[in-house]
Structure formats: structure tokens, C-alpha cells
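Visitor: The lines below spell out each chain.
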Amino acid sequence: MTFPESNLRRKKLGQALMFGLARAISYGIVAILLLILFFIVKQGIGVVNWRFLTAMPENGMTQGGIFPAIVGTLYLVAGSMLFAFPVGVMAGIYVNEYAKEGPVKRFVKMMTNNLAGVPSIIFGLFGMALFVNELNFGASILAGSLTLGLLALPIVIRTTEEALKSVDDTFRQASYALGGSKLYTVRKVVLPIALPNILTGLILAVGRVSGETAPILFTVAAYFLPKLPGSVFDQCMALPYHLYVISTSGTQIEASRPMAYGTAFVLVVIVLIVNILATLLRNYFGKKVKMN
Amino acid sequence: MTHLQSELKSLKGDILEMWQLVVNQLNKGKEALTNFDRDLAEEVVENEKRVNSFELKIDRDCENIFALFQPVATDLRLVLASLKICNNLERIGDIACSVAEFVLDADTDFNKSILESTKILEMYGVANEMVADTLEAFDQEDTRLARTMFKRDKILDQIDQNALDRVEESIKNHPNQVRNSLLVMSMIRKLERVGDQSKNIAEEIIFYFEAKVVKHKKKKQKEGDE
Amino acid sequence: MGNKLETIDVNLYYGDFHALKGISMFISENSVTALIGPSGCGKSTYLRLFNRMNDLIPNTRIEGQVLLDGEDIYQIKPSKIDHLRRNVGMVFQKPNPFPKSIFENVAYGLRVNGITDKSFIGAQVEKTLRQAVLWEEVKDKLKKSAFELSGGQQQRLCIARALAIEPSVILMDEPASSLDPISTGKIEDLIFELKNLYTIIVVTHNMQQAGRVSDYTGFFYLGNLIEFDKTKKIFTNPSKPETENYITGRFG
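Protein chains in written order, with the numbering used here: chain G, 378 to 669; chain H, 1195 to 1420; chain E, 92 to 343.
Think of the hints as simulated: they come from the structure by calculation, not from any bench.
Just to be clear, a hint being listed does not mean it is correct.
Some chain G residues judged to face chain E by a derived CB distance under 10 Å, without partners named [stated by the list, open to error]:
(1) Lys477
(2) Phe548
(3) Ser552
All C-beta atoms in this analysis are idealised placements derived from N, C-alpha and C, irrespective of residue type, glycine included.
Make a model of the complete structure from these sequences and hints.
Guide: Shown next, in the form of C-alpha cells:
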């Protein structure tokens, strides 16, 4: 059989067009991202120096440093993960390993998905209502961390669930076949295999949490504090909120512009470092449990 | 050793055992003829059943090995060769049995002169040695030894060709022993076949060890680089 | 050789699906029984009766008797299922060592079952690795991850892992289907060796493999046991035309 030559050429042309378009779009996205980064780096890097990182804000936040905001953000990220990671992983384990197929499991999964879609300001309001007022934590690191934790929870649950789902069932069966109980099997076999992918969830959650402003607005963030927080019941400053404040509601917005770019730069770098660290960690574990 | 290897080993063991049995049958038959030993001849006839049962067993083992293991290359040649060698051995066994039956059919001793003039004992000896040597050739992977069969068969053929005249003379000289003379003729005809069977076996041995088909080839090719 | 395992008129349903239809069969002690048949014929399901692996699938219903050493394993208390599974080891289709060291993989079954005596565990690991003809290849790297082994080695490790708790029956679900021919040959030879100590049931898609390793063969089709006999009989002169068509490749 012979095929018409023109048909083949048309196919090739169509293919080239589609690929070309797809390539252009992906390059475009990367370009935009690089542009943003370039802009932030260009504007911010001149401001950043040792003093900027380690000093308190001065002169109505037009000078000095952002040290308390950095520390506050680290506290909040750590605190939220301390809450969201164990709770989320356990919930994921329950949903994937223990819950029987049926309406209850479907409901839990649906709600988890819905939770992930809730705007972050709602979390902020909820956190204020529950933690700040109802539980009387006040605006504090504790309340802020828990609120951010709630925000991160669906991400952790979902990635944990997916990670566990991707563990081949024969691993579980092999353990059961040796007389292993469900708990023993999950602890000794399933979790270690799923760990790298669970850590991916952690990375995503950290990335999300460290940049959020809305949830901390009413629960923890302070406009300006002259000293570092002493306990989890103190308020603290945070990078995203600080950035928001000095670019919108400060008394001298123009004067603090360089400070804002510096803060943005630091925030980006912190998120970057966390991501790189977590990726390294994941690769390390991944190597240990590499499948062939 | 793999499962297939152990199956092949036991197949080889069975073949060798059958072979040895056939060689013994021939030797006993010759002795029975030489000494007109009817008991020994009876024994040979009796033992024919054992040869037959070996054939059945080896056939079945080969069938199983084909069906269960799908042997290839040298393993395949071993099973194919075993199947055919076993077939030939069974026929040699039949011949040994027939010769023993002819001995039993005789009324009196065979007289010395006919045994000598026809060279039947010499023929019997050569035939037995040929079968014994194919056994050794197979066991020792000695294809040179196997190739000697093609020459040695000619001795048997020669004796067979002369037999008619010798037997005729004998009938003339000993008119009272016509029956025995005819029996000797029959034996010679049978023993001549042993040579052909040995040649067939030799061909299978060469096929097994060298993967060469020497059947229906010219003499030079058959006898190789002797 | 007595009957180690026996099923009497076993029916199994996944929901509405009738997966096994009245299977009666016996399995002699210290023999290798191969289960063959096209995909979805019920052979793997039948295999998983013996360590109650089918229990893990929801909506499974089983009728009839499954006897191990004369005792119906579907009448035992739920708490004894772990005990049953200790006695009936299993090897899976894909090599699935745990993400642990070679040593810990073999020791897993012992630790699961509460054994802590270090010297005993060490001795048992060596013993079973030798049984699985893997010891010489791994003795210098017991602490290394099991994933560093080749596929064939991993599968022998999984066999060692199953042997370590000294079961009397080993179930193998297409143990060589993902391996290259050399590794497959090693697994087959290993099965042949192990039958002196264990009763083995092998599910296989590979008919030649059934011929090479087994003493008895059962042919399954559409949930029915069409024919069960000595492997030699099945492969040289099967009684049922369905069996003949399947093993000669004239199927369907």
C-alpha cells in the first residue's frame, strides 16, 4: 500500500506546529518566572547586607533590618509543620490504609479537597475565632502556627494519601504473608517506602505556609515589635506581613520601598533554601528506598 | 545440577544399562552357540523381556523430557540420539534372542566343521565387539572409535556373502545335519544385521557429539579424518 | 506422601463474580504443584485461598472447605490467621524486597513474630540465604540495601524471606514472570531443590515452566479446574481436550 505523500507532510506540519506552540508556552512561563526573580533580585540585592538580616527595623521601618520578621517566619513555619505534619500524615494513613471503601471515606476525601480550596483569609478568620478568641490564645505564635497548620493540612493529607497509594500492594501482602499485623506493616514497610513522596508534600506545605499573609493577619502578626518573641504566646513579625505592611500601610511608603524589595528578596531566598533542603532530603531518602 | 541435567543424566544411565544388557545378551548367545548350552540360550530368550522394557522406559523418558523440558542444542541431540540408539539396541536385542532361539531349535550339537567353515563364531565375536565398542564410544565420547564401525561392518558383510556356499557344502558333506546347517545360515543372516545396527548407532553417536549428520554420506566423509 | 492441602468443593465469589467454581483438589506433601491457565482463570485466586490472602479483598465470599493438615483454615479464629500465614509462606510475581538491608529483609518475618535473639536471627538468616542459593552472592554485603541486588537475586531474597520463618507450604505467584531466562532458570532449579523440605504450589503463565518444575499440574479455565493430574500425564497425554488445546497453544 502507498500513502499519499501530501497527507504525511500535513501530519508532520501539524505536529511541528503543536510542539512549537507547547514549547513556546513553556519557555514563556519560565521567562516570566525569571523576570520576576530578576526584578526582585535586582531591586533587593543592593539592600541586603549583614545588618539588614540581623538588625531591628528603625525609623518607622524605613531603615535598619528585618531580623524579627525572619525569625517570626521561621517560628511560624516550624510551628505549623509541627502541627500539620504529624496530624496530616496520620490522617492520610487513616484514609488510605484503614478506612473502608464507602460513604465515610468518600466524605472525608471530599472534605479534604474542599479544605484545600478554601481561601486563606477564611482560615485567618477561623483561626481568629477559634484560637485567638474561643481558646483564648490571643494573637500569638501558637494561634498563628495552628492556623497556618490548618491551611497546610489538606496538602499534607493529600500528598500522604497519594504517596501511600503509590506503594505497591504486594509490599503489604508480603508483610501480611509473613504474619505481620497492619500496624507493623504500615510502620515498617509502607511508611518507609512512601516517605520520599510524603516529604514532597511537606515541601509544598512549607512553600505555601511561608508565603501566606492572610491567615496570620488576625492571629499573630504584629506591625512592629521592638523585641523578639519570648514565648509561643507572644506575637511576632513575619516576612510576608512585613512586606505587605511596609508596601501598603506604612507612613512613609516611598522611603521604605528599598526595604520592601529587600524583604521580598529574603522571602524568596528562604523559600528557595527550604525547597532545596527538602529536595536534597527527599533524594537522600529516595536513594535509600529506590525502586528499580 | 539443574533439573534437566539430572533428568538427562538418568536417561544416559538407562541407555548405558540397556546397552550393557544387550552386550551381555550377545556374549551369552555366542557362548550358548559355542558350547551348545541350552540353559544359557533359554536365559537369553528370557532376558529379552528386560531389553524390551528398557526400550519402553527410555521411550517414555524421552517423551517426557521433550514435553516437559524442551531441550535444545547438545541436550536435544542427546535425547534424539538416545531415542534412536535405544531403538537400534532393541533390535540388536531381538537378534540376540533369535539366535538363541535358533540354538534351542537345533536337535544336536552344531558340528565343529560348519562353525569353522562359515566363520560364524568369528562373525559373532566381531558383532559383539562392535556393539561393545559403540557402548564405549558413547560413554567415552570417542567418535573415532564410533567411526571404526563402518569398516568393521565389512567383515560381517564378507562372512555373510560367503555363507551360502559354505552352508551348501556343509549340507552336501553332512546330509544328516541339514537342519543345523540351515539354522547356521539363518543365524548368519541375523548377525549381519548387527553390523548395520551398530553403524546406525555410530551415526547417532557422531551426531550427538559432533552435531554432524553422516547418514547417507560417502565413505570418505563418514570415516572422517582417520 | 500424604495430602498436605486439600480443597473440597470450594466456591469463591468476588461480589457477584463467581471466581472459583466447586474446586476439589489435593496437594501432596513435599511436591511441586503447578497451576496453569489463561489470565483470569482463577489460578491465582485459588493459590491465595491457602494463606487467606483473598480475605484482604472486600466482598469476598468463600464456600467449601480448605484443609491444611486436615484442619479447615476457614474455621480458625481470626486471631490465628497470622499463625496460618507463618505456616504458609508466599512469593510474589514481582520481586518485592522491603526497603531494608538484605539481612533485615530475611529477618523481617522473625522480627514480626517477636523473635529478638540476635544470634538465632543471624543463624537463621544465613541458613535460609543458603537454602535460597543466595548466600555466596550476598554474604559480604548483608548490610547493603536489598534494592542493590539484581531482579533475580531480589526474587531469591524474597524466597529466603519466606523461608526464614520455616513455613511448611510455599505459595508462589508467577515467581519468575518478570525475570530474564537465566534468573528464571535459577528460580526453577531452586524450586526443584526446595520441594524436599516444603510443599510448593506455583502459579505460572509459562507452561514450559510448569513442565520443568512441577510434579502435578492443575489446569484452570473460567474458574473451573478442568484437569488435575501428574505433570507428565498432562504434558504428554492430557485427558481433556480443553487441556490439550491450551498446552499445545491451539487455545480459543
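Visitor: May I ask you to test the interface hint for Phe548(G) with respect to chain E, counting a Cβ-Cβ separation under 10 Å as satisfied?
Guide: Since the shortest Cβ distance to chain E is 6 Å, the answer is holds.
Visitor: Restraint: Ser552(G) near chain E, CB-CB cut 10 Å. Satisfied or not?
Guide: Status holds, d = 7 Å.
Visitor: Answer holds if the nearest beta-carbon of chain E is closer than 10 Å to that of Lys477(G); otherwise answer violated.
Guide: holds, 7 Å
Of the numbered hints listed earlier, not one is contradicted by the structure.
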